[in-house]
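**Q** Sequence:
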Amino acid sequence: MNEEAMRRHRLYLCYYLASRAIFVVATLTLLAALITWMEGVKSLYAGEEADAFYFVYLKLPSYLSVSLVPGFLLGMALGFHQLGKRHELVALEAQGLSPWQVAWGPALVLGLLFGAGQWFLLHNAVPATRHDSDALASKLGILDPVSQLFSVRRHWVKTKDAFVFVERVGPDQTLENVVWVEKPQNQSPTLIAMASLAQIQPAPQAPEQVSLVMPRARVLDLKNHPQDNSVFPECQQALKGLLSKERVDVDFDACPLTALPNNENPQSVPQDFRRQIPESLSVLMRLTGHPDGFFTDELRYLLKSAASYGYSLAEYSAALRARYVWPILIVLLALLVSLLGVRCKPSTGVAFPFTIMLVVYLVGYGVTHVVSKMSLE
Numbered sequence: 002m003n004e005e006a007m008r009r010h011r012l013y014l015c016y017y018l019a020s021r022a023i024f025v026v027a028t029l030t031l032l033a034a035l036i037t038w039m040e041g042v043k044s045l046y047a048g049e050e051a052d053a054f055y056f057v058y059l060k061l062p063s064y065l066s067v068s069l070v071p072g073f074l075l076g077m078a079l080g081f082h083q084l085g086k087r088h089e090l091v092a093l094e095a096q097g098l099s100p101w102q103v104a105w106g107p108a109l110v111l112g113l114l115f116g117a118g119q120w121f122l123l124h125n126a127v128p129a130t131r132h133d134s135d136a137l138a139s140k141l142g143i144l145d146p147v148s149q150l151f152s153v154r155r156h157w158v159k160t161k162d163a164f165v166f167v168e169r170v171g172p173d174q175t176l177e178n179v180v181w182v183e184k185p186q187n188q189s190p191t192l193i194a195m196a197s198l199a200q201i202q203p204a205p206q207a208p209e210q211v212s213l214v215m216p217r218a219r220v221l222d223l224k225n226h227p228q229d230n231s232v233f234p235e236c237q238q239a240l241k242g243l244l245s246k247e248r249v250d251v252d253f254d255a256c257p258l259t260a261l262p263n264n265e266n267p268q269s270v271p272q273d274f275r276r277q278i279p280e281s282l283s284v285l286m287r288l289t290g291h292p293d294g295f296f297t298d299e300l301r302y303l304l305k306s307a308a309s310y311g312y313s314l315a316e317y318s319a320a321l322r323a324r325y326v327w328p329i330l331i332v333l334l335a336l337l338v339s340l341l342g343v344r345c346k347p348s349t350g351v352a353f354p355f356t357i358m359l360v361v362y363l364v365g366y367g368v369t370h371v372v373s374k375m376s377l378e
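Residue numbers (this note's numbering): 2 to 378.
Accuracy of the hints is not assured; some may be wrong.
[Said to hold, decoys possible] List of simulated lysine to any residue pairs, SDA-like, C-alpha gap at most 25 Å:
#1 K86 to G106
#2 K86 to Y17
#3 K184 to R217
#4 K346 to T356
#5 K184 to R275
#6 K86 to F164
#7 K86 to R276
#8 K184 to V211
#9 K374 to W327
#10 K86 to S20
#11 K374 to L341
#12 K346 to L363
#13 K346 to E94
#14 K86 to P71
#15 K86 to L12
#16 K184 to R276
#17 K224 to A163
#18 K346 to G97
#19 K184 to A163
#20 K374 to L363
#21 K86 to L109
#22 K346 to S99
#23 K224 to A129
Just so you know, these hints were derived from the structure itself, not from any lab.
Turn these sequences into a full structure, and let the hints guide you.
**A** Quick look at the structure:
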């Protein structure tokens, strides 16, 4: 009798917890999509509502990957809290059944299912839609505020004395739409170079160095015109657009321009541009512009550490490995939520499930942090 009752209660509990978890995850994801849509509506023009809806559709895998873990944990915790308030956990004990013995099976199954879903999102759905969503965001001028809560926009990479912008990576690892801005610390920009294509070439004479080569680049040497800001209004406007995250076509005649002596009228003079950069920085540039590249929260982590670690790719690799721990970690966190959730009683306050979710999520975050540190050793 107990075995039959155990099986029946496990099936019911699995359905009940799954429905609560799916509801919370869906609510968080749709809320993120709604915020993005409302932000996108402000910048729409000429009847582009369909594009805005399509943009939100492309961003759904990204939002789902962010909300899945906390939403799943909170949904399970709320499910146990509701079961406790309805005296169902007490009823299990009255039947001679341990709530934990009933709960661990459904928790394990749900952890495996949601973990597999998170793995699919990280490895397939998010990379597959990242490039298209970025391109459409640039077209519509949507700032995607939800993503900004968790990440910084990719493309811009800072070196010691320069900023580098890479729009995307083309065939054969060529860099497309590249902007190089030389700016010493605490000083104004001294040089701007833009090119529609660039390549990374080895530099045998300098170990751990490579050459960034921009054929037919449009180069503006600001050192020759430190005070003459009115000579290059188009270039200033283009650079301002890039810095404000707007899409700018870098292969047009107005900007940048080669500074000419004797106050001659500026003209568009394409020329080859070359700079030596660390090899690790070249890899970072290719990653930031790659349509299937790493996720923006990993870029945030790497850029935050870059000043101290000198663009260490080990930092990036450690962050990436730590992120991929989550699909496996979800199973253990689900069991931990169940262990705490079965303690809910009819008198348990509503703050208890939120506390469970927060504590368990912090445990998971701590585990990923330890994995990241161990990967660096």
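**Q** Would you pick out the hints that fail for this structure and give their numbers low to high?
**A** Of the numbered hints given earlier, those the structure breaks are 6, 7, 11, 23, listed in rising order.
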